[in-house]
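Chemist: Listed below are the residues making up each chain.
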Amino acid sequence: MPFVFRVPLLVAIALAIAFGGGIWSTLWALEATTGFGAIRLGAWEAFPDAQTAKADPYAKSHRASAGALLYGSAEGLSFTAGVDETGAPLRAACSYRIIGHTPPARLWTLYTLQGGRAYRPQTGVLPVALNSRSILRHGDGAFEIAVAADAQPGNWLAIPQDGRFRLRLTLLDTPAAGSSGLIDLSMPAIQNLGCGNA
Amino acid sequence: MLKVLFAVLTGLFGAALLHLVIILSLPYFSERDAYTRVLAEGSRHIFHRLPDARDRAGLVQDDPLMEASVCAYDISEGPVRIFAQGNVPFWSMAIFDAASNEVFSINDRTAAAGILDVVLATPVQLTVLRKTLPEAISQSILVETQQADGYVVLRTMVPQPSFAPAAGTFLSEAVCAPFEWRRRQQF
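For the protein sequence lines, the chains are A and B, in the order given. Position one of the first sequence corresponds to residue 86 (the working numbering), numbered consecutively onward. Position one of the second sequence corresponds to residue 20 (the working numbering), numbered consecutively onward.
The shape of chain B in the complex, shown without the other chains (with noise of 0.2 Å):
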C-alpha cells in the first residue's frame, strides 16, 4: 500500500514538473504564435490586411470599429521604414518582436504631425545611419532593435461607417519596406 502511495506521489511530482517544463518551453517551439501567423499571410515587408473572420493564417481584427494590418520584418540587411499618413479619426502601431514581446509603439497623438514615420534599425545600422542620416529620413523616429525580425501592427479607428473608406486608404498606402539607406562606393 506505501509503495502504491509512494507511486501516486512519484507521479505528482512528475507531472508538475512536465507541467513547468511545458509552460516554460512553449514559447519557443509553438506554431501557432503571433509571428508565424503573420509569416503566413504572405511576403515580408508589405502590409495585410486583417479580415473580420479568421483567415488561414489564423490572423483575425476581432473589434468591429478596429481596422489593422501586419508586416514582418527582417532587419538583418538593412533598416526598415514604416510610413503613413490620413485622415482618420485614430491610429497606433506597435512593433514586435519575433517572441511577440513589444518593441516599440506609437499613436497619432503622440507622433510628430499625426504622421507615422518610424525606422527600425539594429545598434550597428542606426551608429551608420547616425553618421550620415539622409535627408528622407531626417524627420522620422529611429528605433532601436537587437532582433533582426519580427512584426508590425498598425490599427486604426472606424466610428462610424462613413469613416471605412478613409481606414481602408490609410492601410492599404501605409509602407514597411527597406530603403536606400546608404551610399554606394562608400569604400
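Just chain A, same shape as in the assembly (with noise of 0.2 Å):
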C-alpha cells in the first residue's frame, strides 16, 4: 500500500467506528430498554418514575422517541412481562396460566401487545383484554386465568395464533405507583403449561 494512503485509512477507520457504533448503539439503546429505574417482580416489568422529571436519561430519551402516553402516578402503573417464570420468552404456541394475586389496586385490566400493538382482532368477540371486575376468583381472592389461543374454561385470555407476545397488566389507582420498594409487592405468576397440540 502506497504510504500516502495509510493516514486516510486510519481516519476512515476511526470516523466508521464512531458513526456506526454511536449510532447502532443508540437505536439498540433505545428499543431494548425503557430506561433504568424499572421494579422487577418475577416476570413483570414496570417504570413508576418513567413519567416524571426525576427519569433517567435513557428512559426520556425513550419516551420521547416512542411517542406513548405514559399513566401519572395518580392514574395507575403498567407492568409488561414477555418471558414467563422460568425466563422462556412467551409464545403464542404455547398456553399458560396466571395464578396469584395483584399487589392492591382498584382496578386492573390484562391484555397482550403484539409487535408493540395491542392484539385486537377484528371479528371481537375473543376475550382478548380481562379485568378485575369480570373474572372469577377463589375463595380468598386469588384468580387463575388461562392464556392460550384455544378456548379454555374459567378465565380465558385469547392469544394471537402465531408468534411471540407480550402481556400487559395496568394497575389503576394503586399505591405500587408511588412506591420506593418499600412495600412488599407481588404480582401473579405466569407458568408454562405445554407447548404445540400436546
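Derived from the structure by calculation, the hints contain no laboratory data. Note that the coordinates shown come from a computational prediction; the quantities given were computed from them, not determined experimentally. Glycine included, each C-beta is placed from N, C-alpha and C at the ideal position. Careful: at least some of the hints might be erroneous.
To be verified - Estimated spans, in silico, between C-beta atoms of each pair:
1. A:Q199 x B:L28: 39 to 45 Å
2. B:V194 x A:N277: 33 to 39 Å
3. B:A131 x A:W109: 48 to 54 Å
4. A:R125 x B:L39: 21 to 27 Å
5. A:A274 x B:A167: 44 to 50 Å
6. A:P260 x B:A196: 29 to 35 Å
7. A:R202 x B:S95: 32 to 38 Å
8. B:A72 x A:L112: 23 to 29 Å
9. A:R191 x B:A167: 43 to 49 Å
Grab the two chains, each in its own frame, and use the hints to assemble them into the complex.
Modeler: Shown next, in the form of C-alpha cells:
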C-alpha cells in the first residue's frame, strides 16, 4: 500500500467505528430498554418514574422517541411481561396460566401486545382483554387465568395464533405507583403449561 | 499495527461520545414525542378522542378496556379549566408539560365528589386568581405549572361493553378550555 493512503485509512476506520457504533448503540439502547429504574416482580416489569422529571436520560430519550401517553402516578402503573417464570419468551404456540394476586389496586386490566401493538382481532368476540371486575376468583381473592389461543374453561385470555407476545397488566389507582420499594408487592406468576398440540 | 489499534480505540471513544450526545439531546429535537403528536391531533383546548388503531398523528389508545382523550393547552394568555363529570366506574387525568414530564395527576377517588374540576395556571396567574377567586372556580383544584404549554390526558375505563356509552358521554362532554378569569376594567 502506498504510504500516502495510510493516514486517511486510519481516519476512515476511526470515523466509521465512531458513527456506525454510536448510531447503532443508540438505536439499540432505545429499542431494548425503557431506561433504568424498573421494578421487576417475577416476570413483570414496570417503570414507575418513566413519566416524571426524575426519569433518567435513557428513559427520557425513549419516551421522546416512542411518543406514547404514559400513566400519571395517580392514574396507574403498567406492568409488562415478555417472559414466563422460567425466563423463556412467551410464545403463542404455548399455553400459560397466570395465577396469584396483584398488588393492591382499585382495578386492573390485562391484555396482550404483539409487535408493540395491542392484539385486537377484527371479529371482536374473543376475550382479548380481562379486568378485575369480570374475572372469577377463588375464595381468598386469588385468580387463575388461562392464557391460550384456543378456548379454555374459567378465565380465558385469548392470545394471537402465532409468534411471540407480551402481557400487559395495568393497575389503576394503585399505591404501587408511588412505591419506593418499601411495600411488599407480589405479582401473579406466569406458568407455562406446555407447547404445541400436546 | 499499533496505529490501527489506536484508530479503533479512537473510533470507540467517538462512538461512546456520539451515543451520549444523541441520548441526551434526543428529547429536545424529537418529532415523534407525545406532545408533537398531541398537537398534530388538531386544535388546542379541545379534547380529542383517541382511536383503537394508530391515527395520523401517531397516537393510539392501546388498552381494549380503556378510553382516552387528549388536549393540548397553552396557558400563556390565561389559565385553563379542565372539567368533566359522568357516571363512569373509573376516570383519571394527568397533566404533562411539553417535555412529557408529569405536572399533576388525579383520579375519581382523589377528586371531590368524583368530579374532575382543575384549573391550571402559571404562578403569576394564580396570584391574581387567589386575590379575587371567581365564584365559578371556587371549588376547583388549582394547579401551578412553570411551563406554559403541554397536554392533558383523560382516561376512563370500560370494564364491560355496556359501559361504553357512558364512557363516550363522559369523554365527549369533558372541557379543557380557557375561561373568564379576571374582570375587565381592572385598572
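Chemist: To test your reading of the hints: which numbers does this structure violate?
Modeler: Failing hints, ascending: 2, 9.
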